[in-house]
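Enquirer: The lines below spell out each chain.
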Amino acid sequence: MIFRKLKVLNDDEMLKIVEGAFRILQTTGCRFEDPACMDELEAIGCSVDRDSLVVKFPEDAIFDALESVPSVTPPDNLPKARVASANKGFLLDYHTRKMRRGKTEDARKIITLCNNLTNITLASAGVVQDDVHNDAVEVFNTALLLKYSEKLFNQWVYNTDNVPFVLEMGEIVTGGAEELKQSSLLNYMLNPIAPLRFPPTQLKMTRLYAQRDLPLSVASMTQTGSTAPATMAGALVVCTAELLAGLAWIHSLNSKSPVGLGALTQVCDLRTGAQLYAGPEQAIMFLGMHQIIRYLGYTSGNTSFETDSCDFDFQNGWEKALSGVLCWAAGFDMFGQAGFLMDGFSMEQLVLDNEAMGMLQRVGQGMVVDEDALAFDTIKAVGPGGNFLGERHTMLHARDFWLPSVFPRVSFEQWQKEGARHIIDVAHDKVEQILANSALELQVSEDQARAIDDVVRRRLAQVGGSWEGVI
Amino acid sequence: MIFNQLDILSENEIERILDTSYRILEEVGLRFEWAPALDTLEARGCMVDRQAMHVRMPRKLVEEAVAGMTPLARPQDYPKIFWAPWIGMNLIEFETKTRRPGRLDDCRNIVNLVNNLENISVSSTGVVPQDVPIEIADVFMAELLFKYSEKIFTTWTYTIETGRDLVEMALAVTGGEEEFRNSKVLNYLAEPVTPLKMPRHMLEIMTLYAQYDQPINMGSMVQVGTTGPATLAGSVALQMAENMAGLAYLYCLGSKSPVALGGPMQTSDMRTGRCLYAAPELSLIHLALVACAHHLGYMSGCTSGLCDANTMDFQCGWERGLSGVLLWAAGSESIGMRGEIGGGEGFSMESLVVENEMGGMLRRISEGIIVNDETLALDIIEKVGIGGNYLYETHSAQHAHDFWQPEVFSRKQYAQFWENYRHIEERAHEKVARILDTSELSLQVDEDVAREIDRIVKARVDKLKSA
Numbered sequence: 001m002i003f004r005k006l007k008v009l010n011d012d013e014m015l016k017i018v019e020g021a022f023r024i025l026q027t028t029g030c031r032f033e034d035p036a037c038m039d040e041l042e043a044i045g046c047s048v049d050r051d052s053l054v055v056k057f058p059e060d061a062i063f064d065a066l067e068s069v070p071s072v073t074p075p076d077n078l079p080k081a082r083v084a085s086a087n088k089g090f091l092l093d094y095h096t097r098k099m100r101r102g103k104t105e106d107a108r109k110i111i112t113l114c115n116n117l118t119n120i121t122l123a124s125a126g127v128v129q130d131d132v133h134n135d136a137v138e139v140f141n142t143a144l145l146l147k148y149s150e151k152l153f154n155q156w157v158y159n160t161d162n163v164p165f166v167l168e169m170g171e172i173v174t175g176g177a178e179e180l181k182q183s184s185l186l187n188y189m190l191n192p193i194a195p196l197r198f199p200p201t202q203l204k205m206t207r208l209y210a211q212r213d214l215p216l217s218v219a220s221m222t223q224t225g226s227t228a229p230a231t232m233a234g235a236l237v238v239c240t241a242e243l244l245a246g247l248a249w250i251h252s253l254n255s256k257s258p259v260g261l262g263a264l265t266q267v268c269d270l271r272t273g274a275q276l277y278a279g280p281e282q283a284i285m286f287l288g289m290h291q292i293i294r295y296l297g298y299t300s301g302n303t304s305f306e307t308d309s310c311d312f313d314f315q316n317g318w319e320k321a322l323s324g325v326l327c328w329a330a331g332f333d334m335f336g337q338a339g340f341l342m343d344g345f346s347m348e349q350l351v352l353d354n355e356a357m358g359m360l361q362r363v364g365q366g367m368v369v370d371e372d373a374l375a376f377d378t379i380k381a382v383g384p385g386g387n388f389l390g391e392r393h394t395m396l397h398a399r400d401f402w403l404p405s406v407f408p409r410v411s412f413e414q415w416q417k418e419g420a421r422h423i424i425d426v427a428h429d430k431v432e433q434i435l436a437n438s439a440l441e442l443q444v445s446e447d448q449a450r451a452i453d454d455v456v457r458r459r460l461a462q463v464g465g466s467w468e469g470v471i
Numbered sequence: 001m002i003f004n005q006l007d008i009l010s011e012n013e014i015e016r017i018l019d020t021s022y023r024i025l026e027e028v029g030l031r032f033e034w035a036p037a038l039d040t041l042e043a044r045g046c047m048v049d050r051q052a053m054h055v056r057m058p059r060k061l062v063e064e065a066v067a068g069m070t071p072l073a074r075p076q077d078y079p080k081i082f083w084a085p086w087i088g089m090n091l092i093e094f095e096t097k098t099r100r101p102g103r104l105d106d107c108r109n110i111v112n113l114v115n116n117l118e119n120i121s122v123s124s125t126g127v128v129p130q131d132v133p134i135e136i137a138d139v140f141m142a143e144l145l146f147k148y149s150e151k152i153f154t155t156w157t158y159t160i161e162t163g164r165d166l167v168e169m170a171l172a173v174t175g176g177e178e179e180f181r182n183s184k185v186l187n188y189l190a191e192p193v194t195p196l197k198m199p200r201h202m203l204e205i206m207t208l209y210a211q212y213d214q215p216i217n218m219g220s221m222v223q224v225g226t227t228g229p230a231t232l233a234g235s236v237a238l239q240m241a242e243n244m245a246g247l248a249y250l251y252c253l254g255s256k257s258p259v260a261l262g263g264p265m266q267t268s269d270m271r272t273g274r275c276l277y278a279a280p281e282l283s284l285i286h287l288a289l290v291a292c293a294h295h296l297g298y299m300s301g302c303t304s305g306l307c308d309a310n311t312m313d314f315q316c317g318w319e320r321g322l323s324g325v326l327l328w329a330a331g332s333e334s335i336g337m338r339g340e341i342g343g344g345e346g347f348s349m350e351s352l353v354v355e356n357e358m359g360g361m362l363r364r365i366s367e368g369i370i371v372n373d374e375t376l377a378l379d380i381i382e383k384v385g386i387g388g389n390y391l392y393e394t395h396s397a398q399h400a401h402d403f404w405q406p407e408v409f410s411r412k413q414y415a416q417f418w419e420n421y422r423h424i425e426e427r428a429h430e431k432v433a434r435i436l437d438t439s440e441l442s443l444q445v446d447e448d449v450a451r452e453i454d455r456i457v458k459a460r461v462d463k464l465k466s467a
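If you're matching them up, the sequences are chains A and B in order.
Each residue of the first sequence is one higher than the one before, starting from 1 at the first, in the numbering used here.
Each residue of the second sequence is one higher than the one before, starting from 1 at the first, in the numbering used here.
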């Protein structure tokens with residue numbers, strides 16, 4: 001039995017942050033940049049300024065939302081350490097070590113890899129390819145994933161016009177609107193722009209998903225020192241305020257959508273202005289926000305398991321472990337973003353992240369403590385100075401151990417004798433091996449596949465894009 | 001305020017493991033390979049077979065020992081995380097990328113490095129020097145540490161003879177027996193030969209250090225599947241039995257030595273027999289070991305944060321992070337041993353520098369989030385308002401230095417990083433070279449004391465020659 005309760009705030013500290021967020025929502029409020037929101041929010045008791053689109057939230061409006069909006073609940077049968085494949089615009093080319101724009105061929109390869117990497121729980125197309133019309137690429141990749149992914153998947157949708165096409169394809173696969181609602185297949189993440197702004201496109205798209213009662217999440221992306229105070233407690237106040245405002249607005253829509261709350265808090269390197277992915281302060285803030293979100297009664301998500309390294313080096317592994325393992329120890333089950341390497345997606349990184357997550361999953365299975373595992377009789381039979389290698393008990397349990405598929409376990413001399421291969425080369429071998437031995441297979445019926453293709457063709461035609469050359 | 005709460009066992013499961021440990025001590029017993037230890041244990045009610053040197057320990061006696069001995073406590077002014085270097089036989093040389101036996105000049109360099117690495121809280125010589133007679137290498141290591149280490153240290157003691165030399169050095173450094181007793185400048189990692197053997201040299205050295213109340217860390221080294229059962233719970237029960245046997249022996253001696261119950265447990269790759277330093281199962285058994293030690297009221301130290309990787313790559317970072325962070329999250333007091341690379345293949349000064357960086361990040365996390373009016377910054381949030389920017393605020397300038405900054409880790413953008421690419425090991429080596437170029441070892445003891453330490457070393461060398 002594993003108990004994961006790592007905390008970074010005591011109750012008093014946590015309440016001070018939540019109370020601070022309530023105060024900010026009352027005194028400063030948020031700007032909801034879609035006039036349609038004004039009526040919705042006014043109806044739940046908010047004070048709205050229709051000129052500036054600024055909304056101030058009384059305590060009751062937030063408490064009502066917290067009481068009424070259900071939390072997303074992940075299925076019970078999922079592993080306790082899950083990782084989602086990332087979505088990036090660029091791809092790291094193994095051969096040149098340079099970032100380049102992704103292609104549809106890359107997306108197909110990444111889906112194949114996700115199908116074959118046991119510890120990648122949520123698939124993705126990995127890249128936003130440039131050989132498909134930019135306005136339709138989200139529809140195109142959703143189609144690829146619906147047709148070929150053996151796993152649930154993660155595909156961002158930024159363009160409001162794409163939403164009806166994406167939802168239509170979801171209904172084709174599940175069988176209808178009600179089935180889609182029950183399936184957890186499609187969901188949408190509302191990202192406020194810190195500090196305290198909700199942009200119109202995001203609000204419109206959230207509304208489309210909410211109208212169908214599909215799962216939603218609100219994920220704040222405050223950046224300490226630039227879009228939030230330079231002190232972590234202050235940044236968490238802004239983050240909590242944005243999450244609560246988003247939740248209250250979703251409540252005002254009278255939707256039955258379940259909601260998850262996410263803290264994608266970031267740190268700004270104040271020497272250079274660069275956004276950091278893996279500073280220790282970021283890990284602490286993830287843990288603090290996790291406590292707050294759990295206290296509010298919601299499922300929590302974050303972007304731990306990332307790195308600021310541009311190489312497949314010690315820093316990369318350590319930084320992913322630092323935030324990932326800390327968040328796991330605090331009770332997080334879901335991590336992102338596998339395959340992520342600074343500005344792009346790397347298939348080799350995806351393989352390494354799969355290996356790393358396999359180790360964490362093994363830890364998550366814990367330790368069996370029963371008569372057989374305690375092995376008193378075997379210890380007695382072996383006695384002082386003996387050896388367990390020849391015991392039947394040892395043979396019976398010899399396969400209980402996690403085995404690596406990429407990480408070498410050889411002596412220093414043997415490793416050198418074998419050419420002291422860099423880990424990226426070993427990972428690339430596995431990429432090649434999977435791609436050589438696995439082909440994408442339809443996960444839907446041929447009729448459904450044709451219907452999905454038809455949706456994609458319609459969207460491409462609408463934006464002036466071509467079907468030819470990408471399939 | 002950080003609350004380290006990661007438990008992989010319920011109270012009931014911990015008690016079942018410890019119950020098995022007590023049964024092992026009472027029903028299976030151990031071999032104590034030194035006659036005076038048999039006398040001591042028999043006098044306190046143990047069942048002793050002198051011919052086989054076999055001892056069975058009544059549960060009541062072991063429980064009395066657990067209750068009666070003094071648990072080792074972390075010095076109050078000490079960082080929460082013990083971050084100590086490894087001590088291995090070989091050095092991984094940066095220039096040649098080869099593994100070679102450690103030398104005395106490596107030891108000097110490593111002590112110098114540790115003096116200058118702020119997150120390595122305990123010192124060691126890193127390698128065992130093999131350009132001195134190997135039988136008395138521990139005396140040379142102690143000489144360097146007593147004379148030049150700016151931090152408390154850990155080292156090996158090989159034999160009762162060299163142990164006496166170390167005690168003599170400690171007496172010279174502290175100024176007398178009473179001062180030595182109070183100082184805890186020495187400590188001994190007592191490693192039973194698993195399964196269930198307490199070797200003569202270990203018992204002799206434990207007895208010597210116990211006479212001077214020096215800390216004893218019971219650190220058995222059960223290897224799952226070879227010297228312990230292939231099931232994790234069974235191996236932890238065996239490890240705890242061996243550790244508690246040492247504790248009970250010290251209790252029977254009437255020792256006032258503070259004790260810790262830890263140990264470098266290992267797993268083995270059952271396909272090849274290779275000893276593993278970083279398997280996920282190893283994290284589990286160390287977490288269980290910490291839980292069992294804490295349940296008995298004792299501090300525990302484990303060899304977490306290690307790696308099976310032979311170079312400073314993703315595997316190396318992830319493996320160190322997985323076990324190190326898990327153990328930190330579970331409240332382990334010690335996350336050793338630093339500088340090791342390749343599953344114990346050698347010591348790397350470059351790795352030590354990078355691990356110092358890693359220690360800095362973990363220490364930053366240990367500081368947690370400060371929550372007060374200043375840090376909550378509600379007035380600033382209201383002032384900046386919706387869509388504003390905090391970069392220009394005085395509050396941001398005042399707190400701009402609160403953030404941890406790397407020295408070796410990179411925070412460059414991708415193109416910038418690859419434009420002038422240098423592997424992390426090269427960047428770490430630059431820091432090693434810079435420290436060694438600009439820092440010299442300076443005596444940490446009076447010159448008279450240094451001369452006395454030199455005399456002790458010379459006497460031991462002369463004795464070896466005459467023998």
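Any given hint could turn out to be false.
Claimed, not checked - Per label pair, the in silico range of CB-to-CB distance:
id	chain 1	residue 1	chain 2	residue 2	range
1	B	27	A	1	22 to 30 angstroms
2	A	396	B	58	42 to 50 angstroms
3	A	343	B	370	42 to 50 angstroms
4	A	458	B	274	27 to 35 angstroms
5	A	402	B	444	38 to 46 angstroms
6	A	33	B	423	43 to 51 angstroms
7	A	343	B	96	34 to 42 angstroms
8	A	297	B	297	49 to 57 angstroms
9	A	12	B	93	51 to 59 angstroms
10	B	63	A	183	38 to 46 angstroms
In case anyone wonders, no lab produced these hints; they're calculated from the structure.
Beta carbons are placed, not taken as given, at the ideal position from N, Cα and C, and that holds for glycine.
Enquirer: Does the Cβ-Cβ separation between residue 33 of chain A and residue 423 of chain B fall within 43 to 51 angstroms?
Expert: With Cβ atoms ~47 angstroms apart, the hint holds.
Enquirer: At the C-beta level, are residue 297 of chain A and residue 297 of chain B separated by a distance inside 49 to 57 angstroms?
Expert: Given a distance of about 37 angstroms, which is not inside 49 to 57 angstroms, the answer is violated.
Enquirer: Does the beta carbon distance between residue 402 of chain A and residue 444 of chain B stay inside 38 to 46 angstroms, or does it fall outside?
Expert: Once the Cβ atoms are compared, 45 angstroms apart, the range 38 to 46 angstroms for residue 444 of chain B and residue 402 of chain A holds.
Enquirer: Starting from the range 42 to 50 angstroms, see whether the pair residue 396 of chain A and residue 58 of chain B falls in it by beta-carbon distance.
Expert: Distance hint for residue 396 of chain A, residue 58 of chain B is violated at roughly 33 angstroms.
Enquirer: Kindly confirm whether 51 to 59 angstroms is satisfied by the beta carbon distance between residue 12 of chain A and residue 93 of chain B.
Expert: Check passed, 53 angstroms falls within 51 to 59 angstroms.
Enquirer: Verify the CB-CB distance for residue 343 of chain A and residue 96 of chain B against the hinted window 34 to 42 angstroms.
Expert: Holds - the Cβ-Cβ distance for residue 343 of chain A and residue 96 of chain B, about 35 angstroms, lies within 34 to 42 angstroms.
Enquirer: Could you see if the CB distance from residue 458 of chain A to residue 274 of chain B stays within 27 to 35 angstroms?
Expert: violated (58 angstroms)
Enquirer: Verify the CB-CB distance for residue 63 of chain B and residue 183 of chain A against the hinted window 38 to 46 angstroms.
Expert: violated (57 angstroms)
Enquirer: Looking only at beta-carbon atoms, does the pair residue 343 of chain A, residue 370 of chain B fall within the given range of 42 to 50 angstroms?
Expert: violated (33 angstroms)
Enquirer: Looking only at beta-carbon atoms, does the pair residue 27 of chain B, residue 1 of chain A fall within the given range of 22 to 30 angstroms?
Expert: Taking Cβ atoms as reference, residue 27 of chain B and residue 1 of chain A lie about 28 angstroms apart, which means the hint holds.
Checked against the numbered hints given earlier, this structure breaks hints 2, 3, 4, 8, 10; the rest are met.
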